[in-house]
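Undergrad: As a plain string of letters, each chain reads:
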Amino acid sequence: MNSFLVLLVLVLPGVSHPAFSAEGAQSAASSERFDRLQRWLVAVAQHEPGSLDDLLPPIGAWSKLELVGMLDDLKRFRTFLTRASHPVRPQTYTFEGHDFTKRELQELLGLNDQEAAKGDINRVLKRGALLHTDIALNPVELGITSAPDPQGRLIMRTADGRAGRLEFGMFHWEFARLLLDAVLAEPGRDEMIRMWYRATIASLHNHRTFAEAGPQLARALVLFPDDARILFYSGALQETFASASVQSVVQSRTFTPGFTPAVSSARVHLAQAERFFRQALKIDPGSSEIHVHLANVVGRLERHQEAATELRGAIPSITDARLEYYAQMFLGREEEMLGRNSAARECFERAATLYPRAQSPQLALAQLAWRDADASTAFRTIERLFRIPPYQREREDPWWVYEAAHVRDAEELLEAVRAPFLSGPAR
Amino acid sequence: MIPRKILVLGLLLSAAMTAVRAQDAFFSSRTEAVRVDVLATDNNGQPILGLGPSDFELLDAGVPQQIDIVSFDEIPLNVILVLDTSVSMWGEPLVDLQNAGRTLLDGLMNTDSAALITFSHVVALGTGLTTEFDRVRSALDRAEASGDTALFDAGYTAMMLAQSDVGRSLVIVFSDGLDTSSWLSDASVLETARRSDAVVYAVSVGENPRRTFLDDLGDATGGTLFKIGSTRDLGAAFLRVIQEFRRRYLLSYSPSGVTKSGWHRLEVRVKGRKAIVRARPGYLAGATAP
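Protein sequence lines correspond, in order, to chains A and B. Under our numbering, the first residue of the first sequence is numbered 1, with each subsequent residue one higher. Under our numbering, the first residue of the second sequence is numbered 1001, with each subsequent residue one higher.
No lab work stands behind these hints, which were simulated from the structure alone. By construction, the Cβ of each residue, glycine as well, lies at the ideal position given by its N, Cα and C atoms. Where hints are given, some of them may not hold.
Simulated restraints, written as ranges between beta carbons of each label pair [what the hints assert, rightly or not]:
hint : chain 1 : residue 1 : chain 2 : residue 2 : range
1    : B       : 1091      : A       : 52        : 42 to 48 angstroms
2    : B       : 1209      : A       : 303       : 30 to 36 angstroms
3    : A       : 51        : B       : 1107      : 14 to 20 angstroms
4    : B       : 1071      : A       : 384       : 34 to 40 angstroms
5    : B       : 1267      : A       : 165       : 32 to 38 angstroms
6    : B       : 1229      : A       : 412       : 36 to 42 angstroms
7    : B       : 1103      : A       : 372       : 50 to 56 angstroms
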């Protein structure tokens, strides 16, 4: 498996921390404000998206107030630049005791003449979002610890279904979203922003950082309500919340009063997943992958006939071996639940043919034989399983990575978002 | 005496296995005897020893049965260790687990057999049933902690291994958490347990106030779940299991006056005295509906 980390959101009402006090706010408005903005703009201009350089750790340590204050300043600069194009408007902007001309602000922001003339800071905002994405994706590598979150979001780090330490949520994801929200004219029509949401959600899910994937998806759905991929990702996240790896954490822990896990019962999440998958299929009815995921949740909601019909409809158009493996395993499960053991056996055998070393089809076949009172077949099947060397690579069971199989292309998606900012006009 | 009408299949569960006595399922249509492993205790929880067949009353689906008691001399004991080696066992807990496994092996008799299954998300046969305990010790030494927890898959595999041999099977399952990655469902494994005559004693570590799969697995087989506070207590827990198991009675009977297939509810009582009897609540015979 790629990772054994799962992150869950907890809500802790009424968290207070000195960093959010009045003194903290004053600090954010101190004389360092201009220096911070300048350092951020230099970093945004110099940082190569996707790389981890020395520019990132200092910015990664900045507080939420410092970052939000800086974004407000950027917006004010933009307003000034836009208005300054009109001759009767003021031609200087006073910031932290300095009077800036339009030209000076253009140089500070790194804008070309065309951008400055229109007050267009979109490129800076997008590059900034990519910089904070790199921070948010690599806090450990950059040595960044998350700062207390004024909204009371706490994140639980878990491994192997067991609750681990609690951490404060990282603001950099939210700040990247805020930067992109500030892109004019409409972020919801900007293709780069759509790609950024798809790529980052895929990456977060792939790294099992579910606590951050949730807010990311919530914003993406507001901006792109008709995007089949984002709807699919939303359903897949709910499907994952209903999985044993997440549910086991909630079931094995008694939460202190005041702490509310952001994970509900499996049934609640399965119902939400079904809703998202059906919405996605309205837009992209030909997606076999979404049909397979829908069938899984419908089956888990004990509507076995419906799930089997869904899978039988999807399988003929599947060309990917791994996706067919899932479809056959799920269909086998549904056929078995419907009492059609012979059909179930065919499905499991097909899955075993696709992945001869996978553990799950052998277990399913053995269990089916045992249920049919065919002990000798059950034993032979287990014997076959035990002959496969007991190492993950040898067993190669796609079932073990089902939760993240749909986001295997996360890295490629991120590279596609970054590419225009590594070369070309956006560089 | 227990009828030995069990078909030998010559099944080898792995090339590494020796001393394997592979057999067909006890409850297959080719077998007639039913075995019920029973623990009888007094009000203080102390095992009642020295009971004979006439001291027990056994009802199969409400029908009294003629029973026999099988001694450990007549049928060998197979101990199947099923140990959680997922990533949460990394470090000291794994060392504790390995030491506990060795302690258990030291407590077995020469006539006993032992097998080892370890599991993360991968279910692995360390060794099949063998009387050469050094092989099991070596397999224990090789165990490494990594991965998720396929507790249901491992439980099912252990049942299959238990059923593949005619011996009296004690399955000892240890896990420090809940299932996170099995293909098989808890319900299907419990169904398998109800069709098995193996007894499962489970050991779990840590606080979990809720009822778990291991509680159900113990109940379904007439075993139980021991909860311990730390993996340091594992050795003592394993010894307690083996000591308690040796004080159990193995009742055997050829069912009469009952249907051959379906769920058979079992009631076992000790006649003429107050006793708490722990035995599996019933058994499933024949093919089952989903």
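Undergrad: Next step is simple, just say for each hint if it's right about the structure.
TA: We went through each hint and held it up to the structure:
A C-beta distance of roughly 30 angstroms is found between residue 1091 of chain B and residue 52 of chain A, which places it outside the suggested range of 42 to 48 angstroms. At roughly 32 angstroms, the beta-carbon separation of residue 1209 of chain B and residue 303 of chain A lies within the given 30 to 36 angstroms, and the hint holds. Restraint check, residue 51 of chain A to residue 1107 of chain B: a C-beta distance of roughly 59 angstroms breaks the suggested window 14 to 20 angstroms. For the pair residue 1071 of chain B and residue 384 of chain A, the beta carbons lie near 36 angstroms from each other, so the given range of 34 to 40 angstroms is met.
Checked against the hint of 32 to 38 angstroms, the C-beta distance between residue 1267 of chain B and residue 165 of chain A comes to roughly 49 angstroms, which is inconsistent with it. Distance hint check: the CB atoms of residue 1229 of chain B and residue 412 of chain A are about 48 angstroms apart, inconsistent with the given range 36 to 42 angstroms. Taken as a hint, the range 50 to 56 angstroms is violated for the pair residue 1103 of chain B and residue 372 of chain A, whose Cβ atoms sit roughly 40 angstroms apart.
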